[in-house]
Amino acid sequence: MKFIQLVGKYGYLIYKTFAKPDSWRMFFRQYIREMEKQGIGSLAITIIISIFIGSAITMQMVLNTDSPLLPKYVTGLTTRETILLEFSSTILCLILAGKVGSNIASEIGTMRITEQIDAMDIMGVNSANYLILPRITAFVTVVPFLVMFSMFFGILGGYLVASMTGIIAVDDYVYGIQYTFKPFYIVYSLVKSVIFAYIISSVSAFYGYYVKGGALEVGKASTDAVVKSSILVLLFNVILTDLLLM
Amino acid sequence: MIEVQNISKSFNGVEVLHNISAVFESGKTNLIIGQSGSGKTVLMKSIIALHRVDSGQILYDGRNVPDMRRKELKKLRREIGMLFQGSALFDSLTVGENVMYPLEMFSGKEKDEIIERAKFCLERVELTRAFDLYPSEISGGMQKRAAIARAIALNPKYLFCDEPNSGLDPKTSLVIDQLISEITREFNITTIVNTHDMNSVMEIGENIVFIYKGNKAWQGSKEQIYDADCQELNDFVFASDLFKKVKAVCK
Chain A
1 MKFIQLVGKY
11 GYLIYKTFAK
21 PDSWRMFFRQ
31 YIREMEKQGI
41 GSLAITIIIS
51 IFIGSAITMQ
61 MVLNTDSPLL
71 PKYVTGLTTR
81 ETILLEFSST
91 ILCLILAGKV
101 GSNIASEIGT
111 MRITEQIDAM
121 DIMGVNSANY
131 LILPRITAFV
141 TVVPFLVMFS
151 MFFGILGGYL
161 VASMTGIIAV
171 DDYVYGIQYT
181 FKPFYIVYSL
191 VKSVIFAYII
201 SSVSAFYGYY
211 VKGGALEVGK
221 ASTDAVVKSS
231 ILVLLFNVIL
241 TDLLLM
Chain B
247 MIEVQNISKS
257 FNGVEVLHNI
267 SAVFESGKTN
277 LIIGQSGSGK
287 TVLMKSIIAL
297 HRVDSGQILY
307 DGRNVPDMRR
317 KELKKLRREI
327 GMLFQGSALF
337 DSLTVGENVM
347 YPLEMFSGKE
357 KDEIIERAKF
367 CLERVELTRA
377 FDLYPSEISG
387 GMQKRAAIAR
397 AIALNPKYLF
407 CDEPNSGLDP
417 KTSLVIDQLI
427 SEITREFNIT
437 TIVNTHDMNS
447 VMEIGENIVF
457 IYKGNKAWQG
467 SKEQIYDADC
477 QELNDFVFAS
487 DLFKKVKAVC
497 K
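Here the protein sequences come in this chain order: A and B.
For reference, each letter of the first sequence is one residue, going 1 to 246 in this note's numbering.
For reference, each letter of the second sequence is one residue, going 247 to 497 in this note's numbering.
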C-alpha cells in the first residue's frame with residue numbers, strides 16, 4: 001500500500017514537473033546553469049575515474065587471459081566491451097548518482113525546509129516545474145556526452161598501460177579494441193545512459209521535494225535518493241540489456 | 247478586503263480551527279495573534295490556500311478561494327505577496343535577482359524595466375546597496391527588508407507576513423513593523439500579519455484578531471485591547487510585567 005502511495009506521489013510530481021514553464025526565459029537560464037553544474041562539474045571526475053578503471057581493466061585482462069590458447073588481442077577486445085557495455089554507462093551513472101543525485105536532493109530539500117518552495121508556490125510559480133524540469137533535462141542532455149568521454153578515456157587508460165608498462169604490445173591492444181567492433185554497442189550504451197540520467201535526476205528531485213523537517217531529514221533524503229536511484233539503475237540495467245541486446 | 251466566514255480545519259480528526267469568521271480590511275495592518283499552537287499559522291495558511299479548509303468561505307474581494315479552480319488560484323496568487331518567518335530568499339540568487347524573480351516570471355516586461363522596478367522596490371526598503379549581494383552576505387534584518395521588496399515587486403493587493411520579527415532585535419523589529427505599516431497605507435494593500443510579538447501589536451495593530459485554541463476569541467484595535475473583556479486575551483497580552491505596567495499607566 002505504501003509503495004503504491006509512493007508511486008502515485010512520484011507520478012503526480014512528474015505530472016506537475018512536465019508542464020509548460022511559466023517563463024521560457026527563466027527555464028533556459030536554469031537549464032544552462034544546470035548543464036554547466038552537472039556536466040562541466042562532473043567532467044573531471046568522469047575522466048579521472050575512466051582512465052584509472054580503463055587501466056585497471058586492461059591489467060586485469062592481461063593477467064586473466066594469459067594463455068597460449070587465447071590470442072593477444074583478447075585484452076583489447078574485452079577491455080573495450082567492458083567499458084562500452086557496462087562501465088561507461090552503468091557504473092559511471094552509479095557514480096554520478098552519488099554526486100549529482102545527492103546534490104539535487106539536498107539542494108531541493110534545503111529549499112523546502114527553508115520555505116523557499118512555499119514562497120514560489122505562493123507567488124503562483126509551479127515550483128516542481130521551475131526546480132525539477134531544468135535539472136532533469138540538463139542531466140539527460142549532458143550524461144550521453146559524459147558517457148562518450150568516459151568511453152574514450154577508459155580505452156585511452158588501457159592504451160596508456162600498454163604503452164607505458166609494456167605488459168601488452170600496443171599493436172595487439174589497438175587491434176583488440178578494433179576487432180569485431182559493433183557500433184550498436186555505443187547506441188545501446190547511450191540509450192541506457194539517457195534512461196539512467198532520467199531515473200537519477202527525477203528520483204533525487206522527488207526525495208528532495210517532499211522533505212519534511214530539518215537538516216537531519218535533508219541528509220536522510222539525500223541518502224535515500226542515492227540508494228533508491230542506484231537500485232533502480234541496476235534494475236533497469238538488467239531490463240534494458242534484455243530488451244536491447246538479447 | 248479579505249473576509250473569512252465560518253472556516254474550520256482539521257488534521258487527522260483533530261480540529262485546529264473552529265468556525266472562525268473575521269474581516270481583514272484593505273489599507274490596514276490586520277494582525278492575527280495568539281499563543282504558540284493556537285492555530286494562527288494554520289489560519290494564515292488556510293487563507294492563502296496552502297491548506298484546504300473543511301468548511302466555510304474565504305473571500306478575496308468577493309472571490310471565494312475554496313470554489314476556485316487551479317488556474318484561478320494561480321491568478322489570485324499573483325496578487326499576493328508573502329513575507330516568511332525565515333525570509334525564504336532564494337540563496338542561489340542575489341538580492342537584486344530575488345526581487346526581479348517574480349517580475350521575470352510574470353510581468354512580461356523588458357529586462358531594463360524589470361531592473362528599474364527591482365531597484366525601486368529595494369530603494370523603498372532602503373536596500374539599494376545590497377542589489378548584488380547574496381542573502382548569506384547580509385544581516386537578518388536586511389534579509390527581511392529584501393523579502394518585503396520581493397513581496398511588493400508585483401504590486402500585490404494582499405500582503406501576508408508570518409512572524410516578521412522573529413529572530414530580530416527590538417530596534418530592527420520596529421523598523422520592519424513600520425515598513426510593513428507604511429507600505430500597507432502607501433499601496434492600499436490588505437495586510438495580514440501573524441505574530442505573537444506584543445511590541446508589534448501595540449505598534450501596528452489596527453485590526454487585531456485573537457485566536458485561542460482554534461477559536462476567534464476577540465477582535466478589535468490596539469486601542470481597545472486595554473479594555474477588552476476577554477480573559478484569555480488579557481492573560482496573553484499582559485503576561486509580561488512590562489505590559490502590566492503599561493496597562494496601569496494607561497488606566
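Hints were generated in silico from the structure; no laboratory data involved.
Among the clues, some could well be false.
Unchecked claim - In the DSS-like style, the derived pairs of lysine-lysine whose C-alpha atoms are separated by at most 25 Å in a straight line are:
no.: 1; chain 1: B; residue 1: K365; chain 2: A; residue 2: K16
no.: 2; chain 1: B; residue 1: K317; chain 2: B; residue 2: K365
no.: 3; chain 1: A; residue 1: K9; chain 2: B; residue 2: K355
no.: 4; chain 1: A; residue 1: K16; chain 2: B; residue 2: K321
no.: 5; chain 1: A; residue 1: K16; chain 2: B; residue 2: K320
no.: 6; chain 1: B; residue 1: K468; chain 2: A; residue 2: K212
no.: 7; chain 1: A; residue 1: K212; chain 2: B; residue 2: K403
no.: 8; chain 1: A; residue 1: K20; chain 2: B; residue 2: K468
no.: 9; chain 1: B; residue 1: K468; chain 2: A; residue 2: K9
no.: 10; chain 1: B; residue 1: K403; chain 2: B; residue 2: K317
no.: 11; chain 1: A; residue 1: K20; chain 2: B; residue 2: K365
no.: 12; chain 1: B; residue 1: K468; chain 2: B; residue 2: K291
no.: 13; chain 1: A; residue 1: K20; chain 2: A; residue 2: K2
no.: 14; chain 1: B; residue 1: K317; chain 2: A; residue 2: K9
no.: 15; chain 1: A; residue 1: K20; chain 2: B; residue 2: K355
no.: 16; chain 1: A; residue 1: K9; chain 2: A; residue 2: K182
no.: 17; chain 1: A; residue 1: K16; chain 2: B; residue 2: K291
no.: 18; chain 1: B; residue 1: K403; chain 2: B; residue 2: K365
Evaluation of the provided hints:
Using a Cα cut-off of 25 Å, the hinted pair K365 of chain B and K16 of chain A is violated, with the two alpha carbons roughly 33 Å apart. This hinted pair does not check out: K317 of chain B and K365 of chain B have alpha carbons roughly 30 Å apart, beyond 25 Å. Proposed proximity of K9 of chain A and K355 of chain B is contradicted: the alpha carbons are some 36 Å apart, above 25 Å. About 17 Å separates the Cα atoms of K16 of chain A and K321 of chain B, which keeps this hinted pair within 25 Å; it holds.
A threshold of 25 Å between alpha carbons decides the hint, and for K16 of chain A with K320 of chain B the separation of about 14 Å falls inside it, so the pair holds. Between K468 of chain B and K212 of chain A the CA atoms are separated by roughly 37 Å; this puts the pair beyond 25 Å, and the hint is violated. Restraint check: the Cα-Cα separation between K212 of chain A and K403 of chain B comes to about 31 Å, which exceeds 25 Å; the hinted pair is violated. Proximity of K20 of chain A to K468 of chain B is assessed by CA-CA distance (about 47 Å); at most 25 Å being required, the pair is judged violated.
Between the alpha carbons of K468 of chain B and K9 of chain A the distance comes to roughly 46 Å, so the proposed pair goes past 25 Å and is violated. Taken as a hint, the K403 of chain B and K317 of chain B pair is honoured in the structure, with Cα atoms around 18 Å apart against an allowance of 25 Å. The straight-line distance between the Cα atoms of K20 of chain A and K365 of chain B is roughly 30 Å, outside the 25 Å bound, and the hint therefore fails. Simply put, K468 of chain B and K291 of chain B have alpha-carbon atoms about 24 Å apart, close enough for the 25 Å limit, and the pair holds.
For the given pair, K20 of chain A sits about 30 Å from K2 of chain A by alpha-carbon distance, which is inconsistent with the 25 Å threshold. The hinted pair formed by K317 of chain B and K9 of chain A meets the criterion: a straight-line CA distance of about 21 Å does not exceed 25 Å. Under the criterion of a C-alpha separation no larger than 25 Å, the hint pairing K20 of chain A with K355 of chain B is consistent with the structure, at around 19 Å. At roughly 41 Å between alpha-carbon atoms, K9 of chain A and K182 of chain A are farther apart than 25 Å, so this suggested pair is violated.
Annotation: proposed proximity of K16 of chain A to K291 of chain B holds, straight-line Cα distance about 21 Å (limit 25 Å). Restraint check for K403 of chain B and K365 of chain B: the C-alpha separation of about 20 Å stays at or below 25 Å, so the hint holds.
The structure shown violates the earlier hints numbered 1, 2, 3, 6, 7, 8, 9, 11, 13 and 16.
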